[in-house]
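Asks: Chains as they are written, first to last, in this note's numbering: chain A, -2 to 259; chain B, -2 to 259; chain C, 1115 to 1418; chain D, 1115 to 1418.
What the hints contain is simulated information worked out from the structure, not anything from laboratory work. Watch out, some of these pointers could steer you wrong.
Computed spacing ranges between beta-carbons, pair by pair [to be verified]:
hint, chain 1, residue 1, chain 2, residue 2, range
1, A, Asp143, D, Glu1197, 21 to 29 Å
2, C, Thr1288, D, Glu1348, 25 to 33 Å
3, D, Glu1163, C, Glu1398, 48 to 56 Å
Below, a list of computed lysine-lysine pairs in the DSSO-like style, where the Cα atoms sit at most 30 Å apart [to be verified]:
hint, chain 1, residue 1, chain 2, residue 2
4, B, Lys12, A, Lys12
5, A, Lys77, B, Lys12
6, B, Lys154, A, Lys77
7, A, Lys81, B, Lys81
8, A, Lys81, B, Lys167
9, B, Lys154, A, Lys12
10, B, Lys12, A, Lys81
11, C, Lys1127, C, Lys1270
12, A, Lys154, A, Lys167
13, B, Lys174, B, Lys154
14, B, Lys77, A, Lys77
15, A, Lys12, B, Lys174
16, D, Lys1127, D, Lys1270
The beta-carbon is built from N, C-alpha and C at its ideal position, and this holds for glycine as well.
For reference, the chains in residue letters:
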Amino acid sequence: MTTEEQKMTLHHDLKVLETESLDSGFHWLRLNPPSWSWQPGQFLMLRPREWSSDPFLPRPLSIADLDGEALSLFWHVVGKGTRKMTHLRSGDRVRVWGPLGRGFYFEPHMPVLLLAGGMGLAPFIGLIRHHPHPENLELIFGHREDLSSYPLAELSKRILTWSLQDRTPKDLAKLEKAMKVKIQGYSGDGRVLACGPRPFLSMVSRLSRENGARTQVCMETPMACGHGVCLGCSVPGAGGRTYQACVDGPVFSAEELALDQE
Amino acid sequence: MTTEEQKMTLHHDLKVLETESLDSGFHWLRLNPPSWSWQPGQFLMLRPREWSSDPFLPRPLSIADLDGEALSLFWHVVGKGTRKMTHLRSGDRVRVWGPLGRGFYFEPHMPVLLLAGGMGLAPFIGLIRHHPHPENLELIFGHREDLSSYPLAELSKRILTWSLQDRTPKDLAKLEKAMKVKIQGYSGDGRVLACGPRPFLSMVSRLSRENGARTQVCMETPMACGHGVCLGCSVPGAGGRTYQACVDGPVFSAEELALDQE
Amino acid sequence: MEQTVALGGLTLKNPVLTASGTFGYGTEASAFGDVRFLGGIVVKGLSLEARPGNPGGRIAETPCGMLNSIGLENIGAGRFVREFLPRLPWQETPVVANIYAGDYDEFAELAAYLADQEGIAGLEVNISCPNVRAGGARFGQDPDMAAKACAAVREKAGDKPVILKLSPNVTDVTEIARAVEDAGADAVSLINTLSGMAVDIRTRRPVLGSVIGGLSGPAIKPVALQAVYRVCREVNIPVVGLGGITSAEDALEFILVGARAVQVGSASFADPQLPFSLVSRLEELCEELGIESWEEFRGRIETE
Amino acid sequence: MEQTVALGGLTLKNPVLTASGTFGYGTEASAFGDVRFLGGIVVKGLSLEARPGNPGGRIAETPCGMLNSIGLENIGAGRFVREFLPRLPWQETPVVANIYAGDYDEFAELAAYLADQEGIAGLEVNISCPNVRAGGARFGQDPDMAAKACAAVREKAGDKPVILKLSPNVTDVTEIARAVEDAGADAVSLINTLSGMAVDIRTRRPVLGSVIGGLSGPAIKPVALQAVYRVCREVNIPVVGLGGITSAEDALEFILVGARAVQVGSASFADPQLPFSLVSRLEELCEELGIESWEEFRGRIETE
Ligand SMILES: Cc1cc2nc3c(=O)[nH]c(=O)nc-3n(C[C@H](O)[C@H](O)[C@H](O)COP(=O)(O)OP(=O)(O)OC[C@H]3O[C@@H](n4cnc5c(N)ncnc54)[C@H](O)[C@@H]3O)c2cc1C
Ligand SMILES: Cc1cc2nc3c(=O)[nH]c(=O)nc-3n(C[C@H](O)[C@H](O)[C@H](O)COP(=O)(O)OP(=O)(O)OC[C@H]3O[C@@H](n4cnc5c(N)ncnc54)[C@H](O)[C@@H]3O)c2cc1C
Ligand SMILES: Cc1cc2nc3c(=O)[nH]c(=O)nc-3n(C[C@H](O)[C@H](O)[C@H](O)COP(=O)(O)O)c2cc1C
Ligand SMILES: Cc1cc2nc3c(=O)[nH]c(=O)nc-3n(C[C@H](O)[C@H](O)[C@H](O)COP(=O)(O)O)c2cc1C
Ligand code: FES
Ligand code: FES
Chain A
-2 MTTEEQKMTL HHDLKVLETE SLDSGFHWLR LNPPSWSWQP GQFLMLRPRE WSSDPFLPRP
58 LSIADLDGEA LSLFWHVVGK GTRKMTHLRS GDRVRVWGPL GRGFYFEPHM PVLLLAGGMG
118 LAPFIGLIRH HPHPENLELI FGHREDLSSY PLAELSKRIL TWSLQDRTPK DLAKLEKAMK
178 VKIQGYSGDG RVLACGPRPF LSMVSRLSRE NGARTQVCME TPMACGHGVC LGCSVPGAGG
238 RTYQACVDGP VFSAEELALD QE
Chain B
-2 MTTEEQKMTL HHDLKVLETE SLDSGFHWLR LNPPSWSWQP GQFLMLRPRE WSSDPFLPRP
58 LSIADLDGEA LSLFWHVVGK GTRKMTHLRS GDRVRVWGPL GRGFYFEPHM PVLLLAGGMG
118 LAPFIGLIRH HPHPENLELI FGHREDLSSY PLAELSKRIL TWSLQDRTPK DLAKLEKAMK
178 VKIQGYSGDG RVLACGPRPF LSMVSRLSRE NGARTQVCME TPMACGHGVC LGCSVPGAGG
238 RTYQACVDGP VFSAEELALD QE
Chain C
1115 MEQTVALGGL TLKNPVLTAS GTFGYGTEAS AFGDVRFLGG IVVKGLSLEA RPGNPGGRIA
1175 ETPCGMLNSI GLENIGAGRF VREFLPRLPW QETPVVANIY AGDYDEFAEL AAYLADQEGI
1235 AGLEVNISCP NVRAGGARFG QDPDMAAKAC AAVREKAGDK PVILKLSPNV TDVTEIARAV
1295 EDAGADAVSL INTLSGMAVD IRTRRPVLGS VIGGLSGPAI KPVALQAVYR VCREVNIPVV
1355 GLGGITSAED ALEFILVGAR AVQVGSASFA DPQLPFSLVS RLEELCEELG IESWEEFRGR
1415 IETE
Chain D
1115 MEQTVALGGL TLKNPVLTAS GTFGYGTEAS AFGDVRFLGG IVVKGLSLEA RPGNPGGRIA
1175 ETPCGMLNSI GLENIGAGRF VREFLPRLPW QETPVVANIY AGDYDEFAEL AAYLADQEGI
1235 AGLEVNISCP NVRAGGARFG QDPDMAAKAC AAVREKAGDK PVILKLSPNV TDVTEIARAV
1295 EDAGADAVSL INTLSGMAVD IRTRRPVLGS VIGGLSGPAI KPVALQAVYR VCREVNIPVV
1355 GLGGITSAED ALEFILVGAR AVQVGSASFA DPQLPFSLVS RLEELCEELG IESWEEFRGR
1415 IETE
């Protein structure tokens, strides 16, 4: 790819096709699709021009789905930026750059266990929708908010899903147990792909090590640049190494990191 | 008025009824009307909550009109804030506080000459629309932008108006001459009310002094607070005095100020 | 939660004060709220004589902030005491006089006059203004000068608390804080504005008549928090935190790093009800976060 | 208009450089633009040995800005020279190495090594980092230490220009600027970040692992402009202005107060094309404003 081509691929002013607000602060944004080739787990940076300088930084978001119809983003309102994003309306233009980072690695024929904690579901949506052999996929989904906020009904039609509420310590113990059993089941030829909050990924990493599973985790650290120039997104790797989540990740194999020791 | 009543009068979250964009950056905003008693020349401060902290300060705007139907604002895009205001859409809510400052003083029976330079037309719109004796009013309007950007056709139906393009030094000389003649005509029992850029007001002040007219000018200085607490809006008065445009004005009698010496 | 805080001999019903220069002489904002609900008010900086302030542009908006160069315009301490103080509910809400002067004697005279007024609860000494006699140096940028100004005021202030207002435009603000603590300050408040400038590339002129002015607003909050945090670890007198506070969350941030009370400054231009709404919002937020007392929360930032 | 500027022996095809720490090692942003069009690039701060940087949170967003505490993580000067420099178009665009060290000897050694590399056009000395041996003081906050660091680098830098990067966290930045000018600096660049802090009232912890970090972005532009303005009036060497530049208008503001060149820093996180688009936008804007040459515009702010 020449520099000129790359540039055209990365940086876009996209038109908002549709927005959708669900309960408890969940939102969908569908944008005019750029012609990217992408992997689930890759992300983009988004920054509407209307933000003036406050919020200052762009926001990293997983590519929830991308096909000929739309580039879809799915997010939960947690602060200033995600709240401002809910003001976008169809016809508006937003600036995005992507696809960024390393996505999940898997082959269509592999049995794959997906482990998602809350918004960690986002990168799996497109994966599930477009997987040529959905029978090879299975999802365990730990969630706090009401299930109806997530597109789970749709996903359950394509693959086997297990949803577990994750609000109390007791819930958590149940989730851990369920994951343990499943991870053991995928420890042979299978792959485990996980995305969710840091403690969730630590737990998954530990269970994977203990059960000899080949696991990849998607690390959502704060990011300023998203393309390797600021060194703000460091994650501690095994053996004292430091990785940059935005270019070395956000998806890492669990052994590369030291999460299970957290 | 008790403090509680004043508070309720001043500070409002108003719903946008309608927005209208004209050519060359002119905009109308019509808001759900608060029950203020107001004088033309008074203003309000406006700051939509969506602004985060950038732009930081509220924006002062003349009350262009206020009746049972709507509170109307009319502005020209000059910078960050006035540009952001164009993103408002009906149904949005904006925070305003007003009516602020001292408006124009006149009695319905007085012959009144209105002198407006560009956006200085704003405070005269409601005045003209609601004056019980429009035959007592006459307007000279100096403008740079196309006449169609201003609601002049409507105003000309009610009162006598003279429009003069004001783009070149030659235009300016013509405008000055026209104003001089008219100001002389109103120097007896009449009143002259002027609003426009500073050099325009200086010219009006000088012509008024030379011709003994009783003139009031509306001073649009940058303001941070709009209600007398920041001392940021000072205007130099006659005899070395300093006034605060937001509470002592924005309308001053021309003799109070030292504009004719600028 | 009980909101009362003690501040160098004063008792404030809550930790929310207004910042000097952003709340006039205390009466102007009455249409937006009732000052009796505030923890205290700090009025516009007063000098012995009235001052006209700076000519030319006095304010400029900047990203998330503003510059001002009011030039310490004020009506003079005497007129304030005669015309405004009687109209303020000083029996219910402490009124702190912010003061500045060109030399130590003037500071002493001003302090003596104001401390003598029943309605004045305390003095806040603005040492960020240029010291004319010492050729433009600023009291607040030199520990010895700061200490002398503090001592001059302290000596004449009787039983009224003296709060030294510190400038962030220094290499080490804790050095100045320690100097004024040693010189008898009952409290310090910080930060005053940062030195800043705005220019107009079309007219090729500075936006402010005074060329350089003071930067305030949310833009400076990180600098203010840092300064308050560091000073709180170095002095034993109470610290009043300010700089860019726009919400109850911001106020708690200052208290978390150690501030005893906070001041709301230029954010009240963006929302004139802010000082008032902050009082109730702060109480709610303490509830939400399960804060049980100021003692349990103040300064309890965990840095390990 | 002809955009070329001379900077301490270098010729830049335009006055737009990238700021250290916001453009990696120069190759990472190639998808957003072609560095050959830039006036120059300043790479991430290099030390003699690789450094791991700070643990914990490294960035925090603040109003119109951000805090960072990268802790000067870098791969070491040697690896930069071997792995990145050969991939940079240094024949067409000057590559300036930003350097820092813990003591004067280390500065000298680093300078000698880098100045020796053909592809390195000049050195920018970051004196805002803590000097470990002197117990946490910072070279950039003391005129003598700043001068010594400058002299140490200047002596070993051969014919390569040495730019001293100044910290705004001082009482008087012009004092430091004069000190390094006297010590042989070919230019100064300013400002580096302001000291700042962010805290989380829910976890009661600082957001940054290092507690205090450096504030950058539009929030600090007024402080930067003021510092550049003042330094330009006090020194005769060229000044590189930076701090919060987000547009060609901002760049011209720095040039109007006297800057020879400018650097684009954290604003390129918000828009990675910014350093590139600025170059053409600046040219257009000069046209629009009728600026005929840099000489006619630079420093021509009218303050009367
Ligand atoms: C690679 C990647 C993919 C992501 N994908 C999604 C997604 O598909 N859907 C979704 O809802 N969220 C996703 N996140 C998290 C999302 O970026 C944050 O929720 C968002 O940045 C919060 O911004 P805010 O302004 O609302 O919060 P604020 O707290 O106001 O943000 C302040 C700063 O912290 C950063 N920040 C705050 N929370 C997070 C977080 N959890 N992760 C990273 N940065 C954070 C912000 O980016 C900003 O710089 C992803 C994060 C990363 C790194
Ligand atoms: C009492 C009063 C009544 C006004 N009525 C109207 C009106 O009805 N219609 C209208 O179009 N304009 C009116 N103006 C001017 C209007 O306030 C400014 O055009 C507007 O504030 C510019 O904001 P900005 O963000 O677009 O410009 P920016 O240049 O980005 O603003 C930067 C800062 O300068 C201030 N500022 C810039 N230009 C002016 C100006 N001309 N007057 C005052 N402050 C300024 C802004 O408020 C802001 O604080 C009035 C001003 C005053 C004081
Ligand atoms: C318009 C204006 C006038 C001010 N006048 C004074 C003053 O007279 N005395 C003083 O000590 N501080 C003065 N200040 C500084 C504020 O009290 C406060 O320290 C500073 O603005 C930072 O707080 P903020 O960011 O909340 O505004 C003034 C600030 C502004 C914006
Ligand atoms: C993430 C980050 C890393 C930085 N690293 C360095 C550095 O290594 N050396 C240095 O001299 N300055 C460094 N800086 C400071 C910038 O070069 C610049 O001086 C500062 O950010 C102000 O400019 P800005 O507001 O345009 O970002 C860094 C800034 C940021 C935001
Ligand atoms: S986010 Fe900037 S290096 Fe990763
Ligand atoms: S605008 Fe604040 S005093 Fe007039």
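Asks: Each hint: holds or not?
Replies: Against the structure, the hints:
no. : hint                                : verdict
1   : A:Asp143 <-> D:Glu1197: 21 to 29 Å  : 50 Å, violated
2   : C:Thr1288 <-> D:Glu1348: 25 to 33 Å : 27 Å, holds
3   : D:Glu1163 <-> C:Glu1398: 48 to 56 Å : 52 Å, holds
4   : B:Lys12 <-> A:Lys12                 : 27 Å, holds
5   : A:Lys77 <-> B:Lys12                 : 23 Å, holds
6   : B:Lys154 <-> A:Lys77                : 49 Å, violated
7   : A:Lys81 <-> B:Lys81                 : 14 Å, holds
8   : A:Lys81 <-> B:Lys167                : 49 Å, violated
9   : B:Lys154 <-> A:Lys12                : 44 Å, violated
10  : B:Lys12 <-> A:Lys81                 : 19 Å, holds
11  : C:Lys1127 <-> C:Lys1270             : 27 Å, holds
12  : A:Lys154 <-> A:Lys167               : 29 Å, holds
13  : B:Lys174 <-> B:Lys154               : 25 Å, holds
14  : B:Lys77 <-> A:Lys77                 : 20 Å, holds
15  : A:Lys12 <-> B:Lys174                : 52 Å, violated
16  : D:Lys1127 <-> D:Lys1270             : 27 Å, holds
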